[in-house]
Amino acid sequence: MEQSKLQLPKGLDTLPDSLRYLHWLYYPLNSLPSNFMPQNLVELNLSSSQLKQLSNEFELLENLKVVNLSCSKILTQIPEISRANLKSLCLKDCESIVEIPSLKFEKALDKKCSTKENVGAQILYTGYGSNTASMRPTQRDHKPYWWQSYEAIDYFLNLSGCSNLKVLSELSGSIKYISLHSTSIEELNSSIWSLDNLSLLDLSNCKFLKNLPSGIGELGSLSNLYLDGCSSFDSFPKHLPKNWNKD
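Mind the numbering: the sequence shown is residues 36 to 282 in this note's numbering, read in order.
In case anyone wonders, no lab produced these hints; they're calculated from the structure.
Each residue gets a CB set at the ideal place from its N, CA and C atoms; glycine is no exception.
Hints may contain errors.
Within a straight-line C-alpha distance of at most 30 Å, the following computed DSS-like cross-link-like pairs (lysine-lysine) qualify [unchecked claim]:
1. 211 - 245
2. 273 - 242
3. 108 - 127
4. 127 - 245
5. 201 - 273
Simulated DEER-style distance windows between Cβ atoms [unchecked claim]:
6. 91 - 46: 37 to 43 Å
7. 114 - 222: 32 to 38 Å
8. 74 - 270: 42 to 48 Å
9. 202 - 90: 19 to 25 Å
10. 112 - 250: 23 to 29 Å
Whole structure, please, built from the sequences with the hints as guidance.
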């Protein structure tokens with residue numbers, strides 16, 4: 036895996052509080068600056084970072100929509116960001132996480148009625164081979180091309196590869212896709228059965244999951260359910276979603 040050339044041996048003093056879009060591949064520090072107030076943050080991508088945890092300031096965020104901390108191998112926890120109305124959260128291959136707090140996802144809106152405020156957005160992007168010259172936030176009218184891939188899938192909770200994850204807390208909102216592939220989940224939180232828009236649930240290779248609660252039959256939108264590799268299954272519900280794709 037290619038690593039960023041950016042090194043911060045003396046740490047990072049601060050980040051602008053006005054930041055709305057923060058993309059920093061291979062972020063090299065264990066935490067964000069302690070004086071950073073991320074109240075304006077809308078989208079956060081610190082994939083493959085050295086983060087151990089996010090500060091408690093993230094508990095107060097109301098504007099946060101998209102979080103990608105995938106492949107942050109030493110990340111141990113995320114705060115309860117229940118004030119935010121998330122559209123997607125990706126913690127894929129965050130192997131040190133053992134528990135996910137309660138999460139609230141945004142309620143789906145009619146696309147014809149929804150708008151996004153991009154004018155004058157503060158964006159900080161550091162990517163492959165970054166150096167300190169690229170660390171200046173920029174004002175721009177449109178998000179950069181690389182952000183389109185993170186907006187392509189809305190209402191997605193990706194926890195696949197969180198091999199030590201055992202507890203999934205309450206979920207709410209318009210989640211459409213959930214991947215728990217290769218986690219250590221032993222049972223599913225009952226709040227999943229109230230997710231009316233859930234269409235895909237990937238439980239493949241969940242070797243400690245023993246059964247599916249009968250409530251799965253209440254998921255009227257569920258069309259894709261993946262259970263391959265669930266070697267501990269000892270029972271199966273009688274009633275399955277009507278739209279379930281059995282192929």
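Quiz item: Quick check: which numbered hints come out false for this structure?
Solution: 6 and 7
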